[in-house]
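Now for the letters of each chain:
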Amino acid sequence: MASRGTAQRPNGTQGKICQFKLVLLGESAVGKSSLVLRFVKGQFHEYQESTIGAAFLTQTVCLEETTVKFEIWDTAGQERYHSLAPMYYRGAQAAIVVYDITNQDTFTRATTWVKELQRQASPSIVIALAGNKADLGNKRVVEYEEAQAYAEENGLLFMETSAKTAMNVNDIFLAIAKKLPKNEQTGNAGTSGQGRRLVESEGQKPTSGNCCK
Amino acid sequence: MVQFWIVVCRHTSWPLHALVDEYGFERPENFNYETYEEFMSEYLKVLAKRAKKWSDIIGEGRSVRRNLTVKRYVRKGIPGVHRCSVWLSVSGAEELKNKSPNLYQQLLNDQHDPQVAENIRIDLPRTFPDNIFFNNTDLHQRQLYNILLAFAHQNQEVGYCQGLNYIAGLLLLVTKNEENAFWLLKVLIENILPEYYTPTMKGLLIDIDVLVELVKLKMPDVFQHVENLGLPWPVITTKWFICLFAEVLPTETTLRIWDCLFYEGSKIVFRVALTLIKRNKQNLLACQDFTDLAECFKEITKDSIVVKCHEFMESIFKVPGSLSNSTILKLRQKVEQTHKEQKLAKTSR
Chain A
1 MASRGTAQRP NGTQGKICQF KLVLLGESAV GKSSLVLRFV KGQFHEYQES TIGAAFLTQT
61 VCLEETTVKF EIWDTAGQER YHSLAPMYYR GAQAAIVVYD ITNQDTFTRA TTWVKELQRQ
121 ASPSIVIALA GNKADLGNKR VVEYEEAQAY AEENGLLFME TSAKTAMNVN DIFLAIAKKL
181 PKNEQTGNAG TSGQGRRLVE SEGQKPTSGN CCK
Chain B
1 MVQFWIVVCR HTSWPLHALV DEYGFERPEN FNYETYEEFM SEYLKVLAKR AKKWSDIIGE
61 GRSVRRNLTV KRYVRKGIPG VHRCSVWLSV SGAEELKNKS PNLYQQLLND QHDPQVAENI
121 RIDLPRTFPD NIFFNNTDLH QRQLYNILLA FAHQNQEVGY CQGLNYIAGL LLLVTKNEEN
181 AFWLLKVLIE NILPEYYTPT MKGLLIDIDV LVELVKLKMP DVFQHVENLG LPWPVITTKW
241 FICLFAEVLP TETTLRIWDC LFYEGSKIVF RVALTLIKRN KQNLLACQDF TDLAECFKEI
301 TKDSIVVKCH EFMESIFKVP GSLSNSTILK LRQKVEQTHK EQKLAKTSR
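Chains A and B supply the protein sequences, listed in that same order.
Sequence positions in the first sequence follow full-length UniProt numbering and run 1 to 213.
Sequence positions in the second sequence follow full-length UniProt numbering and run 1 to 349.
A couple of the hints might just be wrong.
[Unchecked claim] What follows is a list of derived Cβ distance ranges for each label pair:
| id | chain 1 | residue 1 | chain 2 | residue 2 | range |
| --- | --- | --- | --- | --- | --- |
| 1 | B | Asn109 | A | Glu79 | 24 to 30 angstroms |
| 2 | B | Gln342 | A | Leu63 | 56 to 62 angstroms |
| 3 | B | Arg142 | A | Val141 | 25 to 31 angstroms |
| 4 | B | Leu329 | A | Glu79 | 29 to 35 angstroms |
| 5 | A | Glu79 | B | Lys343 | 17 to 23 angstroms |
| 6 | B | Asn228 | A | Ala175 | 29 to 35 angstroms |
| 7 | A | Lys179 | B | Pro15 | 37 to 43 angstroms |
[Claimed, not checked] Computed footprint of chain B on chain A, listed as stretches where at least three residues anywhere in the stretch have a Cβ under 8 angstroms from a Cβ of chain B:
| id | region |
| --- | --- |
| 8 | 81–94 |
| 9 | 126–132 |
[Stated by the list, open to error] Reference excerpt, derived from the structure (chain A facing chain B, CB under 7 angstroms, subset only):
| id | residue |
| --- | --- |
| 10 | Ala29 |
| 11 | Gln43 |
| 12 | Tyr47 |
| 13 | Glu49 |
| 14 | Ser50 |
| 15 | Ile52 |
| 16 | Gly53 |
Simulated from the structure, these hints should not be mistaken for laboratory data.
Built from N, CA and C at the ideal position, the CB exists for glycine as well.
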């Protein structure tokens, strides 16, 4: 899948594109699709359609030396779609587990997703916990400290986010991009914990304004 | 605004350049009005011809019976004005409704599971937010709530499954009557489709693999290509099966599919899926990687092939070749057996 081309410098750093599979998991209506929509298109809809099965999008972020292209799998939240979830997190190098800070049950559900990922997903998977709907601070029931302590115990990245105001949305993806291994080995996104490294070409220019400023 | 659209909707001549379609759905940003206009100039003639044919067999207050003529007529499309009554009669929903004329009202009056009610309520504003009827009036959301709650209450095994909101929502837009929409939903979920919406989604997982078997059989090159690029079939097809192409294909195309679905059963879903794949085979095979392929599967549900619903519906009975009920039944049994064995192997590990 990955290959080395003339565009690449001999030291293999400049112009390197790494492609990673990222999956979003979490209870229904916590804002998974809204986070993706904000990150990929910079948009927000007060009422986002419920996702059936899964939706697929891509977005690119630029770090100093590498360009990280995310293949984003946004999944359905309802419990009965759970049997399909392993298909989406299988081979994923990163996951964002989302809960709604105004709903305790969604936090509990997030912790069970984390456990499942730790048990079943790739051992090197980078997991981020996102406490979404942070703009609804006056309705908060999940305390920041509680979630942060949980994230620390479990070695997760953690941020409170708001797809509505865009708070921390790019940041959480960027933090994940930074934490992902981007060394010389190449591998297939479907089978190993390593990102696929692609050679930069004209057709793969990073898209939106949140990248490569 | 809404009042205006409601008035216009009742007329057959829908403005071709309207920003919403005749069911109130906003046209997508990149909607190709030129292709659409070209198609409609032909399709309006077809509609006029079909309307005449249907009016000959469906008089005032008479309902149609299942027979070969009606089946042929259904394949050629049911006019919007007759859709509700024809769906009710050919699917058996009308018979069920006549047997229990008070059931719907009783279900609404019962005590409901508050958790199920809450799950439904959360999805109401998330159902067709780009449809002017659902986003501008409380009426449609309240009716949708009633239909879904009544259904969940009388079928507690299924309860509420996400996806049913889109089906019930579209049924409501077509029938403009919540009780009829309820009966059609009930007959669709309980009689026409296998267990797609139960907690294990067993029937869905089986039918996805049945489709994979059919692709392998009829288009081995496409099957191999999708396997090689590592795109799992459920990723592509879950929504096709769960929403029965609502929210996937253009509205009129979806309704033409549902015309046949109510008459001929779940086999139609396979015909549509196979046609979509086969007619776009070259594009699919040209995809170089996983990302391209996933995009391509999205594209094929929007292009001119599916906008031209009349031609598309003719093609679903030709393009996939023969597809008998017994073939589907055998494949379902075979896949179910494989799933059982896989499950057994997993638990004994």
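Hints, verified against the model:
1. Asn109/B - Glu79/A: 24 to 30 angstroms: For Glu79/A against Asn109/B, whose Cβ atoms are near 28 angstroms apart, the range 24 to 30 angstroms holds.
2. Gln342/B - Leu63/A: 56 to 62 angstroms: For Leu63/A against Gln342/B, whose Cβ atoms are near 41 angstroms apart, the range 56 to 62 angstroms is violated.
3. Arg142/B - Val141/A: 25 to 31 angstroms: 28 angstroms, holds
4. Leu329/B - Glu79/A: 29 to 35 angstroms: 30 angstroms, holds
5. Glu79/A - Lys343/B: 17 to 23 angstroms: Holds: the Cβ-Cβ distance is about 19 angstroms, inside 17 to 23 angstroms.
6. Asn228/B - Ala175/A: 29 to 35 angstroms: Holds: the Cβ-Cβ distance is about 34 angstroms, inside 29 to 35 angstroms.
7. Lys179/A - Pro15/B: 37 to 43 angstroms: Distance hint for Lys179/A, Pro15/B is violated at roughly 53 angstroms.
8. 81–94: holds (count 5)
9. 126–132: violated (count 0)
10. Ala29: Where the cut-off is 7 angstroms and the nearest Cβ of chain B is about 5 angstroms from Ala29/A, the hint holds.
11. Gln43: 12 angstroms, violated
12. Tyr47: It holds, given that the least Cβ distance between Tyr47/A and chain B is near 4 angstroms, below 7 angstroms.
13. Glu49: 6 angstroms, holds
14. Ser50: With a closest approach of 5 angstroms, the Ser50/A hint holds.
15. Ile52: 5 angstroms, holds
16. Gly53: 3 angstroms, holds
Hint compliance for this structure: hints 2, 7, 9, 11 are broken, all remaining hints hold.
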